[in-house]
Structure formats: structure tokens, C-alpha cells
Amino acid sequence: MISLKKRSLISITDFNTEEYLHILSMAKDFEKTPIQNIAEGRVIATLFFEPSTRTRLSFESAANKLGAKIIGFADVNNSSATKGESLSDTIKTVANYADLIIMRHSLEGASRWASEVADIPVINAGDGSNQHPTQCLLDLYSIKKTQKTLDNLHVAMVGDLKYGRTVHSLVEAMCNFNTTFHLVSPESLKLPSAVKILIKERKLTYFQYTEMQEALDKADIVYMTRVQRERFVDIQDYERVKNAYLLDKSMLNNVKENMKILHPLPRVNEINKDVDNTTHAYYFQQALNGVYVRQALIASILGLK
Amino acid sequence: MISLKKRSLISITDFNTEEYLHILSMAKDFEKTPIQNIAEGRVIATLFFEPSTRTRLSFESAANKLGAKIIGFADVNNSSATKGESLSDTIKTVANYADLIIMRHSLEGASRWASEVADIPVINAGDGSNQHPTQCLLDLYSIKKTQKTLDNLHVAMVGDLKYGRTVHSLVEAMCNFNTTFHLVSPESLKLPSAVKILIKERKLTYFQYTEMQEALDKADIVYMTRVQRERFVDIQDYERVKNAYLLDKSMLNNVKENMKILHPLPRVNEINKDVDNTTHAYYFQQALNGVYVRQALIASILGLK
Amino acid sequence: MISLKKRSLISITDFNTEEYLHILSMAKDFEKTPIQNIAEGRVIATLFFEPSTRTRLSFESAANKLGAKIIGFADVNNSSATKGESLSDTIKTVANYADLIIMRHSLEGASRWASEVADIPVINAGDGSNQHPTQCLLDLYSIKKTQKTLDNLHVAMVGDLKYGRTVHSLVEAMCNFNTTFHLVSPESLKLPSAVKILIKERKLTYFQYTEMQEALDKADIVYMTRVQRERFVDIQDYERVKNAYLLDKSMLNNVKENMKILHPLPRVNEINKDVDNTTHAYYFQQALNGVYVRQALIASILGLK
Chain P
92 MISLKKRSLI
102 SITDFNTEEY
112 LHILSMAKDF
122 EKTPIQNIAE
132 GRVIATLFFE
142 PSTRTRLSFE
152 SAANKLGAKI
162 IGFADVNNSS
172 ATKGESLSDT
182 IKTVANYADL
192 IIMRHSLEGA
202 SRWASEVADI
212 PVINAGDGSN
222 QHPTQCLLDL
232 YSIKKTQKTL
242 DNLHVAMVGD
252 LKYGRTVHSL
262 VEAMCNFNTT
272 FHLVSPESLK
282 LPSAVKILIK
292 ERKLTYFQYT
302 EMQEALDKAD
312 IVYMTRVQRE
322 RFVDIQDYER
332 VKNAYLLDKS
342 MLNNVKENMK
352 ILHPLPRVNE
362 INKDVDNTTH
372 AYYFQQALNG
382 VYVRQALIAS
392 ILGLK
Chain H
92 MISLKKRSLI
102 SITDFNTEEY
112 LHILSMAKDF
122 EKTPIQNIAE
132 GRVIATLFFE
142 PSTRTRLSFE
152 SAANKLGAKI
162 IGFADVNNSS
172 ATKGESLSDT
182 IKTVANYADL
192 IIMRHSLEGA
202 SRWASEVADI
212 PVINAGDGSN
222 QHPTQCLLDL
232 YSIKKTQKTL
242 DNLHVAMVGD
252 LKYGRTVHSL
262 VEAMCNFNTT
272 FHLVSPESLK
282 LPSAVKILIK
292 ERKLTYFQYT
302 EMQEALDKAD
312 IVYMTRVQRE
322 RFVDIQDYER
332 VKNAYLLDKS
342 MLNNVKENMK
352 ILHPLPRVNE
362 INKDVDNTTH
372 AYYFQQALNG
382 VYVRQALIAS
392 ILGLK
Chain E
92 MISLKKRSLI
102 SITDFNTEEY
112 LHILSMAKDF
122 EKTPIQNIAE
132 GRVIATLFFE
142 PSTRTRLSFE
152 SAANKLGAKI
162 IGFADVNNSS
172 ATKGESLSDT
182 IKTVANYADL
192 IIMRHSLEGA
202 SRWASEVADI
212 PVINAGDGSN
222 QHPTQCLLDL
232 YSIKKTQKTL
242 DNLHVAMVGD
252 LKYGRTVHSL
262 VEAMCNFNTT
272 FHLVSPESLK
282 LPSAVKILIK
292 ERKLTYFQYT
302 EMQEALDKAD
312 IVYMTRVQRE
322 RFVDIQDYER
332 VKNAYLLDKS
342 MLNNVKENMK
352 ILHPLPRVNE
362 INKDVDNTTH
372 AYYFQQALNG
382 VYVRQALIAS
392 ILGLK
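Chains as they are written, first to last, in our numbering: chain P, 92 to 396; chain H, 92 to 396; chain E, 92 to 396.
There could be a bad hint or two in this list.
[Stated by the list, open to error] Covered stretches of chain E (in silico footprint by chain P; criterion: 3 or more residues with CB under 8 angstroms from a CB of chain P, positions within the stretch not fixed):
hint, region
1, 148-156
2, 357-369
[Said to hold, decoys possible] Below, in silico cross-link-like pairs of lysine-lysine (PhoX-like), each with a Cα-Cα straight-line distance of 25 angstroms or less:
hint, chain 1, residue 1, chain 2, residue 2
3, P, K396, P, K347
4, H, K119, H, K235
5, E, K333, E, K236
6, E, K340, P, K183
7, P, K123, H, K183
8, P, K96, E, K123
9, E, K119, P, K183
10, P, K97, E, K123
11, P, K123, H, K96
Everything labelled a hint here was simulated from the structure, so no lab data went into it. Owing to the predicted nature of the structure, the values given are computational and were not obtained by experimental measurement. From the three backbone atoms N, C-alpha and C, an ideal C-beta is built for every residue, glycine too.
Please model the complete structure; the sequences and the hints are all you need to start from.
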């Protein structure tokens, strides 16, 4: 019997494969019956030291559908942090007011630190460029839902593979399912060696590309991310490559019928709007899946299921 | 049988007369029994891209009294819009998290656009200087409640009749009820021709004034608005007329016994505080009526009644 | 039979001793059974014209555990106050949307003024450096809970005794219980004469110190506050005394076994973290007590118990 009661989730590796598959399976149940008033009387604190409307609203929608109550802040400017209080004091105090903390912070490691000082569980909703484990869970859910399996898939990752935390977590998680990876990025933004080693250790295959089309045609899942100008030391390098990572409808002529395009959102221009109405676009439904996954996670950690 | 289920309300003209009278009639029921736990499990997103505390709190009070849960933001600075995401992506994503969007935006047309991309209904809580239909509904409710009818009334509109969106909507709506209009404004802020034409088409009567007293004495309803300095090209014009649009108690000696003064609030100084304790002041009760009207509207659109 | 229904609480002196002891006694009940869904359908407005995350979250946690719904704002920048509306108009309008207002404001007297214009009760959550009565209630609750009585205690107050509003309120309240006061502060930040007169009128004893140790050793309760640099006209005065008001573990060798250290929080560095794990540290539990006390207060004022 799997129980995640009182467990914190800071990095996707805090849960083993069996545990996160359990969350995905519970999420399926919430997709069927989204409103389940099982968290009545529970208080959840959403502490967004850095604003992130989409993530916050998704968590708050999930908490509300469970019947929980929410306290918190959307922005550090409204918080006592401006009075010079230490993060650990803030967390210890809020731990008195709530049953669960969901937090986002601009500093790497802040959520881990919070989980160590709080005597209630903490869910990491993003700490700097480090971890965002619920994004990974909803990505996995979206892959499983659209492909009916997680096993033996061809997954293309496109864009900034060096700094994108969601990419690293997803590669790591998919390594458990005999995935073949198609890695498309500029030379300077390739997947870090440390992550490639994980793929090799599992004796899985990966291919690297600097252009998109071949990977698109082979993939069951295309995971798009943004290539940001700020990542390039030399602006000329950016200008030279940027157009290679813009996906439009004309590139979808020879893709697999059930290929689905994911994106952690927000997008800027890396997916053209003419893709939105194709059967391959899945990024908005992916966001909806996030609500079910977060319902499952909150319910598990509060010991409600 | 009138049903407004899944309908958006962006402009007051989106509802026909029968439909908005239906809302007023439902609102009366909520005035009698404000707490009706009929929206349990429903999630409402209040997206205020531009802050407006009074309108937001009124909607949130209404939603809470129905038992709905609320997610959202009070200010665009806390939203993902700062990451350069398009409005339509934001709306499409939030539509996954909620059953109804209530939005305010500084740009004209933003709410209409949102209602076209969202697959859930949208209520416009103000888009720039364009539309604010729930203000119009609560104005109508306040008129009907105090005068026991909407028909055959004398309505004075005072102040900035050129730019005030609430004035235009109210004139338009009252044209359906054989109203006589008394329009009091500076020369440069007269009611636009396009709105006067509506009055004429219905073969109704209007009078124009640059001073207030005569209109006050004839009116059943006096609708006050602010004359803002910024509306005048020539500051001397403003200085010359500004005192003509300040209402104080001494001007109420010969008004009708049941005359009621409305104001969309916030007021600055256009109604002197010595009016507040007269039987004619109705602007705070008017604000309270807004909660009942919004309860009725939300309940209708969610198909709960 | 004590009833606080519809009463406002602006200053601790608004309640007599019997009344606030009644709140403490109710709070004990909420400590045993924190979740009591007795405020269903009630709407509470939390109006924070000045941000104070910890106080706001404590009140919102309390309101949520009672089953009430919350509307409001965390920061004046998101409020209509920016449109030049008067405070009394804001309060009168919000009074239409809620059953109770909890407000914090940077100006002394703002909460009292609000309670006079609103036709619903108001709880002061801090008005400038003036009053913060619920802090006082939770301080009293923490003292009573840890010492099993409020009577005949030795209470040390350390730090800024001149400007600290929580200190003044607590001295005033403890004057009813035959307290001996140990007052530790820099010369320039001594307890004001007006407060010392209250002690003398009750024929109670106080001792004044500029160093901490002796007071620590005699005290049942040590109430720490911060000595802020801004309070000193001459920065050299500050530099000379500042280290005398920093409490660390080495100073706890000869204190009473059941001595407890309180702090209104947030602390900056006036209590060293090595104190946190001693049995004397009580400041985080003190914060938790604040939730029970606020539940009791809200329930009383709404007439729910």
C-alpha cells in the first residue's frame, strides 16, 4: 500500500517510480470526478515569493476543488520578507497556520530548506532554475494519457536543453520507461553531460540535432521550450539560430498521426498560433491535466485518499 | 423559460430586455436570502489586469455567498502577463482552471476577445472606458427598487456625460422604459450624438442643462458622475465650470420626496458629505445591490437557478 | 452571560478584563478543536492598507477554520485608495460586502475611524504604532498557557520599550494580575511615564535595567522586542548599546526552569537561533496561539458562540 502522507515533494526524485505512477493513477480518478469535497477544514498556504500566476492558479484550483481553504501571497512584495525576516522564521510561522505549504522562490534550494525547517509538508512549485516537480508529473500524465503508455516512446525535446529545468526532470523520469530521446538544440544549449550520462546508464538511445524537422517526424511526443536571447553570450549566435526553433504548421506534414506537442507554457513565439488548431497541439489540455495531478498530489500528502 | 447558462456578458446589449429583467428579478430573491450554497465546488477566476478593489470585492462577495471558490489576481503585476504571454494564451489556460472568468482590463475590447477564445463564459468587469455591464444592472436594480418601477421616470444624469461609460449604458437601457432624460453637463462634456440618437429613435424626450438645480427638482433619479480635470483641454474651462457639478445638501430643498441620488463610486468631492445623511442619498445601498445582482448573474450563467 | 456580538475591537481597553478572559477561555476550546464549521456563509473582509503577511495569514487561517469566506486586499496599491477615495467611503462600501472587517493601516486612529463609520464590526489588526489588540490577546493566552496562570508573575520586557505598542498593551493588560515588571532597555528607549503611572496606580512593582541578565534570571516570561537603529538620533548611541539586547543561549544558564521567551515576530537578530531549540523558546508556538485567539474573537463578534 503506497502512502505519501506528510511527504514533501521538492524534486521529482523524492518519489520513486512506483510512487509517482500512483499519483498519475489517482489523477485519472480526479479527471473523472474533479470535485471531491475531501479536504474540508484543511488550510493550504500558497507562498509565492516569486510571482507565477499560472502555477499558483492551477494549485489553487486543485485545492479548491478538494474543498480545502487557501491562505498565502502571490508576490514577495506583500510579504514580511520585506521586514528582513529570515526565510526559516517565515516558514516556521506559516507552518502554524496551515496543513501544507506550496511554495515558489527565486533561489535554488529554498524549497528544500523550507521542507527541512517546517513541521508540515512542503510542495515545491519551482525554486529558481532548479526543480519544478509538479510540472514533471503533469508532463508524464499528459504523455501517458495521449499515448496510452509511457513505455517505448520516441520523445523529442526542442529548444533550450541546457537551462530548462522541466526538460531535465522529464528526461530523468522518462529514463525509467525505455524512451528514445531526440534532442534538438543550438550547439551552445545542448543537454548537459550529467543528464546524458543518466540516459546512457539506462542503456537508452539519444540523438542530437540542431534542426527540428527530423526529430518532429520521428517523435510520439514533441516537448517544446523557449530559446531565450539572454542565454547567448554572443547576440550574433542567437540571431543565427533563433528561427530554427520556431514551430509552425507547415512542419507537421509528415509527423506521426498521434504525435502530440507539449509546452510548459507560457509560450512567446516558439509555437506559431497556426499550430493551435491542429490535432497535434496539446499544450492547453496539458495545463488542464495539471489541475488533476495537483489534486492527486495534495490529496495524497494530506492523507485523504 | 429564460436561460442564461454559459452566456457571456460583455456589453449590456448582449442581454435583451427580458433577460436583464430576469436578472433583476433573481437579484430580488438574493436580497431576501443572500446566502444560498448553490455553487459548491464551482471555481470562479477573477482576473483583474487592472486593479479595481470595489468591483472585485463585490464580485468575490457574491461568489462566496453562493458557495463558489475563487482563484485569480488583483493586479497585472502579479500575473504571467509580465512574461510576455499573449492575453489569449492566458485566458485559454485559466479557462482550464475555472468554470467562469470575471475580468477587468484597461484595454477596450479585451473582455470581448477573451470571451471569444475561452470555452467558458466571461463576465466583463470593465474594459477601459468601454463597458461595465454589471454596473448598469445594479443601477437598474437600484432604480427599480427605490421607485417601484422602471417605467415613465424622470432621470437626471449629471457631470461628464461624454466619456462616462456607465452613463451611456444606463441611458441605453432606460430607453426601453419611456424615460424622460435631464442631461446636465459642461458644454464640452455633453452626451454624444450617437447616444442622443438612441433616445430620439424611441421618441423619448431629453432636456440639456449646464446647471444642476432645475434637473434636480424634476428628477426621480439623479445619477451623479465626476467631472475630471483631465477631460478639459483648456484648464480655464475646467476652473470656470467645476463648481457647477458639486452637489450639496442646500440644493435638495425642492426635490421630489422620493428622489434618490445614485453614483457609481468612488466619489471624490462631487457629492458633499452633508448629503450622505439625507433620505435622498442612495449610493452606498446601491453598492450593496451590486452584490445581489452579481449573485443573480453568476448563478444564471453557471446554470444554478 | 458575556456577549461580544457586533462589538468592534480597536484597542485592548475596548474589552474589560472579564471579556478578554472570556476570549482566552474560548480560544482554549479552539485549541482542542480547531476546525469548527460555524461561520458558513459569513464573509470577512481583510483590508490590509499596509502589508503584514504574518498577521493577515493568521487571521485568514482562523477565518477559514471557522468556515467563513474571505475577501480583501493585502496591499494598498491594489486598492481604490489610489483613486483618491476617502477611507470612510471605502469602509462604508466594503461594509456592504462583508459581515466583519479586519483592517490594518499605517495611520494611528484609522481603525477607530473605520469602526465609527461602518455598520459592521471592525477588528484592528494594527494601526501605525498605536494599537494591535489581537497581539496582546495572544500574548496573554501564551502567558496563561505556559504558566498555568496570569497572576503574580515576573514579566521581563526587553528592548525598545518606548515605541513598542505591543509592550505598552501587554503592560497595561498585565497590570490586572499583580505582575512584577522587569524593564530592560537603553536609556533613550525606556517605558514612557504614562505607562509607568498605570503600574504605580495599581501599586505594582517595576524594576528598570539597561542590561538583560538579571531580569532574565528573575522572569517567568521574557518578552523580547527589537531595538531599531532608526530610533536613535545619535548613531553612536545605537552602536554602544545594540549588543546588550541580543539574547543568546549562553545567557539562559540560570533562568527559571519554566521561563518562556515570547516575541511578537518578525525577529531580525535579537534572539540568536541557538535559543530556538531550548525549552525556553516559545515564539513560534506563540504565533500558533494567535490562530486560536483570533478564531475565538471572530466567533464571538459574529455571535456564533
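Comparing the hints with the structure gives:
no.: 1; hint: 148-156; verdict: holds (count 6)
no.: 2; hint: 357-369; verdict: holds (count 3)
no.: 3; hint: K396(P) to K347(P); verdict: 38 angstroms, violated
no.: 4; hint: K119(H) to K235(H); verdict: 10 angstroms, holds
no.: 5; hint: K333(E) to K236(E); verdict: 31 angstroms, violated
no.: 6; hint: K340(E) to K183(P); verdict: 20 angstroms, holds
no.: 7; hint: K123(P) to K183(H); verdict: 21 angstroms, holds
no.: 8; hint: K96(P) to K123(E); verdict: 23 angstroms, holds
no.: 9; hint: K119(E) to K183(P); verdict: 22 angstroms, holds
no.: 10; hint: K97(P) to K123(E); verdict: 21 angstroms, holds
no.: 11; hint: K123(P) to K96(H); verdict: 23 angstroms, holds
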